[in-house]
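All chains should be built: construct the whole structure from the sequences, respecting the hints.
Note that the numbering used here has the sequence shown beginning at 267, numbered continuously upward.
These are computed hints drawn from the structure, not numbers from a lab.
Just so you know, these numbers come straight off a predicted model, no measurement behind them.
Some hints could be false.
To be verified - Pairs of lysine-lysine, DSS-like flavour, derived with a Cα cap of 30 Å: (1) K476 / K409; (2) K469 / K420; (3) K530 / K454; (4) K468 / K327; (5) K486 / K469.
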Amino acid sequence: ETRVGERLLHAHATFHLPNTHETSKMPAVTLNTRTDLSTSKAKLGTFELTTTTTVEGWKIKATAEPAVPELTKSGLSDFSAEIPAMNAEASKDGITVFLDNLQLIPKKQFVPRLKIAKSVDVADQSYDVKAELIPQGNTSAAKDNSPSNSHVVKLGVTAPAISGFTPKLDYSTGNNTATVEVSGKVDKATVTLKADIDVEGKKSKGASAKVAYPLPEGVKATVEVKDDKSAKVELAKDQFTLEVPIADLTAPSLSADNVTLKVKYSMDFDM
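The following block contains the structure:
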């Protein structure tokens, strides 16, 4: 397993082609990977090939995500013969058009979505406002890429900071849920409080508190606690992140099989 992990670590690379004009830029190609290592398995948690370019002020991005096998104690999983997931987007002046799951076009399961983000000034205060329209038939929400059976509208607003804390509100008609988030710094720590509220039932659907704190030697520690009594602890430095989940804080138990080391590695090449 150690040798496999070493080989996977060397599979990370980032490739860049130089940009030229402001109105039209040469494409940049990037390979992003993340290796997840535990005592029971090793897998590429992220494997994306992305190309970006700018044409007449429009930033165009296309991403391919081929399925990759994972290595467990029982062996290597089967390779997927499916066409890689392919997504594209074009953005300009706060308007973004998303072309999700282009590989589903032969199945006639393709509907784009639209997002608009603007800064609005109210009483000398600046608010970041966003709206997203996800038409019926779009496949971006479901993990199995199944088409949505209704139109969904998402709205969001980020208000100016109050006493160092930034409030944020998001709402989705898809699950009729409003998400309230407040984040800011307390001394060296970054604190984030988050709550999901069922608007129709007027009840909480979940809440969490996260604290990120810088440690010596460039290490960042993050602790997240949820209202279901679960928690997660992360230690991150450079491209390495050690993740330790805790299923129940009232009866904490740690297993080496649940600890995951996530490794990101990148190299830049001038082409």
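To see whether the hints hold, each was checked on the structure:
Using a Cα cut-off of 30 Å, the hinted pair K476 and K409 holds, with the two alpha carbons roughly 26 Å apart. Proximity of K469 to K420 is assessed by CA-CA distance (about 20 Å); at most 30 Å being required, the pair is judged to hold. Only pairs whose Cα atoms come within 30 Å are accepted, and K530 paired with K454 is accepted, the gap being roughly 25 Å. Restraint check for K468 and K327: not satisfied, since their Cα atoms lie roughly 39 Å apart, outside the 30 Å limit.
For the hint pairing K486 with K469, the CA-to-CA distance comes to about 34 Å; that exceeds 30 Å, so the pair is violated.
Checked against the numbered hints above, the structure breaks hints 4 and 5 and satisfies the rest.
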